[in-house]
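Quick note, the sequences are listed as chains W and D, same order.
The first sequence runs 1 to 260 under the UniProt record's numbering.
The second sequence runs 1 to 253 under the UniProt record's numbering.
Don't take each hint at face value.
[To be verified] Interface residues of chain D toward chain W, partial, derived using beta-carbon atoms under 7 Å:
1. Val39
2. Gly40
3. Arg129
4. Glu131
5. Val167
6. Gln170
7. Pro172
8. Thr175
FYI, nobody ran anything at the bench for these hints, they're computed from the structure.
Nothing here was measured: the structure is a model prediction, and the numbers come from that model.
Built from N, CA and C at the ideal position, the CB exists for glycine as well.
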Amino acid sequence: MTAQAPARTAAAEIAAWMNALGVDVHAFAARTAALWTDRTRPFGLTPGDVAHLEGLAGEFLAAHPFVVGAGVIFSAEAIQGNDGGLEWWIRRQDTVEKLEFDLTPGGERFYDYQNMPFFASASRTGEQTSWGPYVDYLGLDEYILTHSAPIQLGGTFAGVAGCDIRIRTLEEIFMPVLRAIPGDAALINASGRVVVGNSGAYLVGERIRSTPAGSEMIPVEVPHLGFSLLSRRQGVPPDRAQDRTSATLADSDLPQGEHS
Amino acid sequence: MAPTTAFQAHVYRSLPETERSGAIVDRISKAISLGLLKVGERLPPETALSEMFGVAPSTLREALSDLRQQGIVATRRGRSGGTFILRQPFTSEEAMRSWFQETSIAEIRDVGDEHAAIAAATVRLACERAEPHEVGRLLELARGLALSDTPEARARADSRFHIELAVLAQSPRLTNAEIRLQAEIVQALWAPLPSTRDPERVAAEHLALARAIADDASEHAQRLVLEHIRHDIHHLVDTKLSLGYPTSRQERP
Numbered sequence: 001m002t003a004q005a006p007a008r009t010a011a012a013e014i015a016a017w018m019n020a021l022g023v024d025v026h027a028f029a030a031r032t033a034a035l036w037t038d039r040t041r042p043f044g045l046t047p048g049d050v051a052h053l054e055g056l057a058g059e060f061l062a063a064h065p066f067v068v069g070a071g072v073i074f075s076a077e078a079i080q081g082n083d084g085g086l087e088w089w090i091r092r093q094d095t096v097e098k099l100e101f102d103l104t105p106g107g108e109r110f111y112d113y114q115n116m117p118f119f120a121s122a123s124r125t126g127e128q129t130s131w132g133p134y135v136d137y138l139g140l141d142e143y144i145l146t147h148s149a150p151i152q153l154g155g156t157f158a159g160v161a162g163c164d165i166r167i168r169t170l171e172e173i174f175m176p177v178l179r180a181i182p183g184d185a186a187l188i189n190a191s192g193r194v195v196v197g198n199s200g201a202y203l204v205g206e207r208i209r210s211t212p213a214g215s216e217m218i219p220v221e222v223p224h225l226g227f228s229l230l231s232r233r234q235g236v237p238p239d240r241a242q243d244r245t246s247a248t249l250a251d252s253d254l255p256q257g258e259h260s
Numbered sequence: 001m002a003p004t005t006a007f008q009a010h011v012y013r014s015l016p017e018t019e020r021s022g023a024i025v026d027r028i029s030k031a032i033s034l035g036l037l038k039v040g041e042r043l044p045p046e047t048a049l050s051e052m053f054g055v056a057p058s059t060l061r062e063a064l065s066d067l068r069q070q071g072i073v074a075t076r077r078g079r080s081g082g083t084f085i086l087r088q089p090f091t092s093e094e095a096m097r098s099w100f101q102e103t104s105i106a107e108i109r110d111v112g113d114e115h116a117a118i119a120a121a122t123v124r125l126a127c128e129r130a131e132p133h134e135v136g137r138l139l140e141l142a143r144g145l146a147l148s149d150t151p152e153a154r155a156r157a158d159s160r161f162h163i164e165l166a167v168l169a170q171s172p173r174l175t176n177a178e179i180r181l182q183a184e185i186v187q188a189l190w191a192p193l194p195s196t197r198d199p200e201r202v203a204a205e206h207l208a209l210a211r212a213i214a215d216d217a218s219e220h221a222q223r224l225v226l227e228h229i230r231h232d233i234h235h236l237v238d239t240k241l242s243l244g245y246p247t248s249r250q251e252r253p
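Only chain W is shown next, with the shape it has when bound in the complex (with noise of 0.2 Å):
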């Protein structure tokens, strides 16, 4: 076969697209890492350096209206005191809002972000990393996913840069490219859990265990991120061109005079 079969086209646009932006989150991490080239480890984080990066998250999201959150988290051992861990400023209309946590463990709204996937992964991989969906208790308190990329000083580990994106964006984003694949498909993240699907077969949050017979898992090619685009296997006639066939067939059945 010459032809591209759709899901790999979808496939191939869906990394593209993830691609860039992380090729935009690599930076992001890298303007913020740009602070602190010449301070020593732990360094305490000023005003000024706040309202840095306040200045670098505002750029992001408005490069980015897809995106409603975007910030930095610095490992515990990178600076000093427990305050300043956790610096996200999320969209708000016009304007953009910082997001205040609890960061005092065992507080009545801690916010655990060291434990928070997006972070742990980064940490203990030094690449960028994907987490979601999720509900983000206790942070946004929405239905997201992040996309996070370490920061590096010196080599060293120091924290993430990330943003949040929507749920109901990312369906929005990439609903017209998986709509494009003939039968049922779904993008998966690295866990086996759908973040978009085409029809209701596959629903956003829902864990594929295993790949249902006839179809298969195209990787989607992003570093690291580990998604995977399910859909029909070449050759395998959809279930919904069945389920349309039979409908045809039941209508056919009906009385002629129910039509008229």
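Chain D: place on chain W using the hints.
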């Protein structure tokens, strides 16, 4: 009919400034409990607040000072300053007693019915959707109750565990429903009143539930959460009755 005009006159009399200040404290506290105002959120500026509440600036300052003393808000100076919400208020023992007196057994049972409906669906979805490392966090939160030693900390650990179940179910709506239900009952469950819920037992129930979810035993987990909620409701009813059930005979000697 009993003469109510005197009472009504009492209800509708103009509010003294001290009661207005108390009403502001109550309203803000209630809004935080219900999640309408979030911890970390900044309140509007004082001038705007006193205008919206229709009170003198001094009355508003009194209310804010009361909230600060209770540790519910803190005021920071400077460019990014303002009054911030620090934590959820814990209702006083007196307010808890009147909650038990005003809430009928039928209403307590009904909250339990709603919680059971939400929790059974939540637990079924959590079994389907949770990932192994997420279950690790759930087990940790289940142990949290055994490590808490004040009514406030126990209430917090209890509700945090139940809300995490909804987070694992991947559902913002179930999470919001659970937050609302917890705001309604968790303080009553852990109120420092004569009969208290046994934290060890509740922690054991949370742990058993978390393990059932870890084992992907959906049916078992649903049964455990329904039993757990029934124990909560029995406890609330027992507490209500132990505080005395006023009868009309006792009221009119």
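Going through the hints against the structure:
Interface hint at valine 39 of chain D: satisfied, since its Cβ lies 4 Å from the closest Cβ of chain W, which is below the 7 Å cut-off. The closest approach between the C-beta of glycine 40 of chain D and any C-beta of chain W is roughly 3 Å, which is under the 7 Å cut-off, so the hint is satisfied. A hinted interface residue such as arginine 129 of chain D counts as satisfied when its beta carbon comes closer than 7 Å to some beta carbon of chain W; here the least separation is about 6 Å, so the hint holds. Restraint check, glutamate 131 of chain D versus chain W: the minimum CB separation of about 5 Å is within 7 Å; hint holds.
Of the supplied interface hints, the one on valine 167 of chain D holds, with its beta-carbon coming within about 5 Å of a beta-carbon of chain W, less than 7 Å. Annotation: interface hint on glutamine 170 of chain D holds; nearest CB of chain W at approximately 4 Å, less than 7 Å. For proline 172 of chain D, the interface hint holds, the least distance from its beta-carbon to any beta-carbon of chain W being 5 Å, beneath 7 Å. For threonine 175 of chain D, the shortest C-beta to C-beta distance to chain W is roughly 5 Å, which falls under 7 Å, so the interface hint holds.
Checked against the numbered hints given earlier, the structure satisfies every one of them.
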